[in-house]
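Undergrad: With chain A held as given, fit chain B onto it using these hints.
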Amino acid sequence: MVKESFTGIEKETLIEIRKLTRIYIMGEVRVPALNNVTFDIKRGEFAAIMGKSGSGKSTLLHQLGLLDVPTSGEIIIDGKNLLNLSESQKAKFRLERFGYVFQEYALLPELTALENVYLPAMALGRRKEEYVKNGTKVLEQVGLGKRLHHRPREMSGGEQQRVAIARALINKPDILFADEPTANLDSASSKQILELFQQLNRDIGLTILMVTHESEDRTYVGRMIWLKDGELAEQGT
Amino acid sequence: MLSNLNLSLFLAYKSITKGNKGTLVLTIFIMSLIFVNLVFTASIFLGLGNTVNNQVINTLYGNVALEPKTDEKYISDVYSLKQKINSVPGITGISAQYVTGAAFSYKDKSGAWAIRSINPDDEITVTTIHNFMIDGEYLSKLDSDEIILGKEIPGGYGGDLEHLSLGGVKVGDSINVLFNNGVSRSFRVKGVFDANFQQSNNIAYISQKEMESVLGLEDKASLILIKTRDLGNEDSYIKQFLELGIKEEIKPWTVYAAMVKNITASFDMIALLIAVIGLFVASVTIFIIIYVNTISKRRQIGILRAIGIEGSVIMHSYILQAMFYAISGTIIGLFIMFFILKPWFIIHPLKFPVGFVSLLIVPEKVMVNTISLIAAALAAGLIPSWMAVRETILEAIWGD
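Protein chains in written order, with this note's numbering: chain A, 1 to 237; chain B, 1 to 400.
Same shape as in the complex, but just chain B:
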């Protein structure tokens, strides 16, 4: 048994090292490209989904968000609620917001956008909007009649929906905002931000104090954003909030990123389709190489069997060759992915409407792709080698 394996390894090794170098290099090159194609497609889609998720967390909702109880418009006793939340280990930021719709107008242009009110000192502990100011400045706690706008609102800042904008508002200009409750205020534009996420860029922010004066409320909120130290443990935090007696609607960020789920499912389907085509190409390539090899060595295979070398030894030697092609292609593919493409995309990420997208290489997916490619190579090597040893010795030696 062991001697048979040794002999198969010997025959495969000699065939690889002493065979046609050009064919060897080309085969391994094709395998590596197929592997890169498999991993790259999945990684770019995963990177895209990851970017959207990060944007939802960092520019819209935090890791966990509290909403008013059913049938209530606002969350009450926000101050004491924030203290309760803060008592949970791992909470790194809390920001209470009022969220409402409003009609914005500037000269003869107008439009409807969401407007949120914040305590800037709290907000920067949860979201990263303050890092994305492209003109003017971020809000400060004492601002009373100032507003910051997402880049889709003012116009002239390269927004994706320029035709719906206010048509050219600059920092320092005044715009009128008519709130849902009928109150109208004039605000000076203090800054414009670009979070690289269209949904976030369609929001305007004013200070908490300003909003409370508009709505005539105090110590209330429509939304409380909570930032946690770690990502992925939202359920554990939610459980602790419930244990503290918090009765508000508690939602993890994944609820708000639900739209991404559909996109991710579609991406997964596209990646699967590309993977299947790639694996098919890999199988056909290996099949042809092994098939041509066995056909050209048909007589030698017959002679080897005639002198007593078992057919299984010959078959295994070809399967080992196929495995070598696939494993070498995988190793080179991994090198290309981790040492060329990944660093390149970190420096040059792709710009999508959802933000800058880089590759997200997930080890489990890489493992699945590696196993798939090796399995495809195994099957592709098995069939022609089995065909080669299936015919009788005399047929192999003298042929038809």
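Bound-form chain A, shown alone:
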């Protein structure tokens, strides 16, 4: 396990990204979205991937989250290149090790907040008492302890996004990927979500990698990764 000193505290490397390249083929045109991107994510980091529209930040998140297949490069966790996994192994890996929050909350409208949250735990084959208990706990953690049995249509956008966050946390992931999680929210709700991320990062040491184009979001994160035209432009704290 790679370990190095970061802001005075020794943190182990969680993800190694090596020469990641993604080229989209559109007819006869090759559109490079990512070009030889190399960096590491440390355990317990709260990092923001920033850049202008079209800089490749969402593309990078999709590759790291195993939602897309890069043209070349490596994504290494625990010494294993994840890109060698089969689709089914990737799905299992996503379920067990990753959490996702999208711009679209995409909750199932037929399910209550609690049911939406414990769905990934059910998929892991947990016992009912266990996933109901954990689902309740994680919803309380995101401040929705009194909204357990509400359906998505009965909740505000901010509340729905917090349910989506709770869903991402239920299986205790190693890393939470957030793709512009506040883009559809008003500023008050956005602030709540970012403070929640900050709190999760601080209190339980959750590693968070968030794509954002809001420059004011930088005040919440510990590290910024700037992309420009698909290449790593700058990193900083």
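Any given hint might turn out to be false.
[To be verified] If you want the footprint, here are the derived chain B segments under chain A, 3+ residues with CB under 8 Å: (1) 9-23; (2) 388-395.
[To be verified] Facing chain A, a subset of chain B residues (Cβ under 7 Å, in silico): (3) S3; (4) L5; (5) N86; (6) G308; (7) E310.
Keep in mind the hints are simulated off the structure, nothing from the lab.
Everything numeric in this text was worked out from a predicted model, so none of it was measured.
For every residue, glycine included, the Cβ atom is placed at its ideal position computed from N, Cα and C.
TA: For chain B alone, coordinates are given in the frame of chain A:
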């Protein structure tokens, strides 16, 4: 594996119970109508065939009939033959008949019909003609110059072939009958029967004694009808008759109902065609419902797959929904068939020229229809759900 099935069941259950109630009710209603259509069509045709078969057995030939040996005109030693037949367990009636053609005339009207002679006491143990008298009385053993007519013969009794009838013979009137051997006799019409079967209603009956005097024969017959206790075991009875040394031509009722076979084959073809169309409609209905469902939830499906829910779990949840629609439709359809339509048709049977027709619901056919509908639903649910999980996660979430 089990957790995946649990999750599929959970997603399907929630989608059904918390989804649009109107769509759910309408879908199940359509499925039940399709199921009823499948079973009803087959059952009415089966009922029609069954009625014809029963008429052939109960009003014309019994379960098994004996005919003269090849090259002989009559069966001989009828008395001893009947005793032999009677020794076989399960025989409930025997009736020996002379069957001949004759020209009937009344006033200026005439026509040719079949005429059978019977011993009424024996005949009622085999056929049910005596139950269908619509005017006058049935023959009795001592009747010598009396005749009973099927309703097609006298005219004025609502026969299907009124134009060929004798034009209005009433009970008590006398008609002349010219037999094939040239003997002519006058008979008083004792009664008119309506067996609800055109073939049976074109026959007249006189007593055995009367016919023997016309033909100058004794202890002979052209046809011996045999009634058995059970239906469907004719071959076993025929085998026993052969073992007893009976040399006459022995025929089960199915030989005489051969004409029904062609009709039944045509009915089966029509029922199959209707079934195929019904199943196609069921498939298209389920396909559209599942397809619209997956399209409207495309992004959610993408997100579910992104968070690690396997595509097969999502696919199975939609297939389970399709199965639920089909199974619910089948259960309601079965209820409609057995508790509404079947009792209704027993009370109000359809009147056909072959008799009163009710539904004949055969469990094997119901099973085939049930399996077909569920299989059609399975296929119809599989295709759109497979299409939904076939695209990449990013395509599903952000679309084209």
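Undergrad: It remains to establish, for every hint, whether it holds in the given structure.
TA: Consistency of the hints with the structure:
1. 9-23: holds (count 7)
2. 388-395: holds (count 3)
3. S3: 3 Å, holds
4. L5: With a minimum Cβ separation of about 11 Å from chain A (threshold 7 Å), the hint on B:L5 is violated.
5. N86: 72 Å, violated
6. G308: 3 Å, holds
7. E310: Constraint on B:E310 satisfied, holds at 5 Å.
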